[in-house]
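Construct all of the structure, not just a fragment, from the sequences and the given hints.
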Amino acid sequence: MKEDQGTYRPLSYFQLMEVTLRELLVEKGVLTQQQVDSEVQAMRERTPERGARVVARAWADAAFKRELLENGSKACEAMGIQVPGLHLVAVENTPQVHNVIVCTLCSCYPRMLLGIPPDWYKSLNYRSRMVREPRAVLAEFGLAIAPQTQIRVHDSSADMRYMVLPMRPAGTEGWSEKRLAELVHRDCMIGVAVPKGPRD
Amino acid sequence: MIERGHHDLGGLPAGKVERTEHDYAEWERRVDAMVQLLRFQGRITVDELRKNIEALPPEAYRSMAYYEKWVASLAQTLLQRGIVTTEELARKMAEINARS
Amino acid sequence: MPGARFKPGERVKVLKAFPPGHIRTPYYIRGHVGEIERLCGAFPNPEELAQMRNGLPAQPLYRVRFRQKDVWPDYSGNPADVLEVEIFQHWLEKA
Numbered sequence: 001m002k003e004d005q006g007t008y009r010p011l012s013y014f015q016l017m018e019v020t021l022r023e024l025l026v027e028k029g030v031l032t033q034q035q036v037d038s039e040v041q042a043m044r045e046r047t048p049e050r051g052a053r054v055v056a057r058a059w060a061d062a063a064f065k066r067e068l069l070e071n072g073s074k075a076c077e078a079m080g081i082q083v084p085g086l087h088l089v090a091v092e093n094t095p096q097v098h099n100v101i102v103c104t105l106c107s108c109y110p111r112m113l114l115g116i117p118p119d120w121y122k123s124l125n126y127r128s129r130m131v132r133e134p135r136a137v138l139a140e141f142g143l144a145i146a147p148q149t150q151i152r153v154h155d156s157s158a159d160m161r162y163m164v165l166p167m168r169p170a171g172t173e174g175w176s177e178k179r180l181a182e183l184v185h186r187d188c189m190i191g192v193a194v195p196k197g198p199r200d
Numbered sequence: 201m202i203e204r205g206h207h208d209l210g211g212l213p214a215g216k217v218e219r220t221e222h223d224y225a226e227w228e229r230r231v232d233a234m235v236q237l238l239r240f241q242g243r244i245t246v247d248e249l250r251k252n253i254e255a256l257p258p259e260a261y262r263s264m265a266y267y268e269k270w271v272a273s274l275a276q277t278l279l280q281r282g283i284v285t286t287e288e289l290a291r292k293m294a295e296i297n298a299r300s
Numbered sequence: 301m302p303g304a305r306f307k308p309g310e311r312v313k314v315l316k317a318f319p320p321g322h323i324r325t326p327y328y329i330r331g332h333v334g335e336i337e338r339l340c341g342a343f344p345n346p347e348e349l350a351q352m353r354n355g356l357p358a359q360p361l362y363r364v365r366f367r368q369k370d371v372w373p374d375y376s377g378n379p380a381d382v383l384e385v386e387i388f389q390h391w392l393e394k395a
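Protein chains in written order, with my numbering: chain B, 1 to 200; chain L, 201 to 300; chain H, 301 to 395.
Calculated from the structure, these hints are not laboratory results.
Take these hints with a grain of salt, some might be off.
The calculated DSS-like cross-link candidates involving lysine-lysine, where the alpha carbons are at most 30 Å apart (straight line), are [unchecked claim]:
| no. | chain 1 | residue 1 | chain 2 | residue 2 |
| --- | --- | --- | --- | --- |
| 1 | L | K292 | B | K28 |
| 2 | B | K122 | L | K216 |
| 3 | H | K369 | L | K216 |
| 4 | B | K65 | H | K394 |
Which chain L residues stay away from chain B? Per the calculated CB distances, all over 12 Å, these [as the list claims (entries may be wrong)]:
| no. | residue |
| --- | --- |
| 5 | E203 |
| 6 | L249 |
| 7 | P257 |
Here are some chain L residues pointing at chain H (derived, C-beta under 7 Å) [what the hints assert, rightly or not]:
| no. | residue |
| --- | --- |
| 8 | R204 |
| 9 | D208 |
| 10 | G210 |
| 11 | E248 |
| 12 | K251 |
| 13 | A255 |
| 14 | E259 |
From a predicted model like this one, the values you see are computed outputs, not experimental measurements.
Quick reminder that beta carbons are idealized off the backbone N, C-alpha and C, glycines included.
Right, here's the structure in full:
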């Protein structure tokens, strides 16, 4: 069991709470330490790279793209990417439409696919402003959306979780899925960035 | 309970989004892991966890770090479910403090 | 389980109600009119799950599309910009 990095510091109240709960749950036979360690490792392995592979396949294979847009979780599992309990909705960017995701009520995010969301996604300011002034917030992220493009903001208020299917950059014709996936980073699938192609 | 939960933030005026990210500490990852495991076991639901986070006082909600809120909520949820008692928590916390 | 009452494209209004409890219908959308984008399926009621009850029967859940300019009086983006929110059937009525 790794301790927190850095020099010795006494446990904060909340770190103490984590140890307390864990040890009690293990004593009671509710969990084992190994289960906790395995789950920590499993979450470490859920990274945006998994989503990037899904995007690359959708770019390369029109039939897969249709399946992805119809049932996101089913499409992931068809690729061998396990996403237990995830109800994934993939929303497609086009020249006319740009999508962006937020959870105003808490921090809902497709964790089983992409892993843990970044701090800013969970921040009070992002959750407050993205539904009301998406263009201003996207501009702060360095993304300018043309005035004539429709912005669709998705508020993950209930059981669905969302990923943005970005547009495939120009100049990538004939690229392998592996090479295409390298263009797709986490923020492209939240909708605060777009992938850059060889001409950008 | 008041008319608008202080967690219900959509549309409220707010400042610039600070694009902070941090590599989550091990204790935070373990909180996340315990929540996932207890949910998979059907012992708690994410809805109870959310309700208990929403029940934090407004200033605490705004100033506590994400996993601090989760672990505080997890403790309340486990107490409500009768999976742990306050007495057990007190005993264990004292024991841990005595070790260090 | 209650049947799905609304179809894609149908205009619906979110109830203008502010009860206590754990609620997944955001405050900002209550009372507003939008259209059904899709039926997502039926899911246990989170308001009940939060109170340690089983939330059954599962309730129909919809994605509802709203025009930003209808929701925020001072919205200054493209008039075509939309907000899409998941809302449970019991929070919706025909508009």
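Taking the earlier hints as the rules, which of them does this structure contradict?
Those not satisfied are hints 4, 6, 13, 14.
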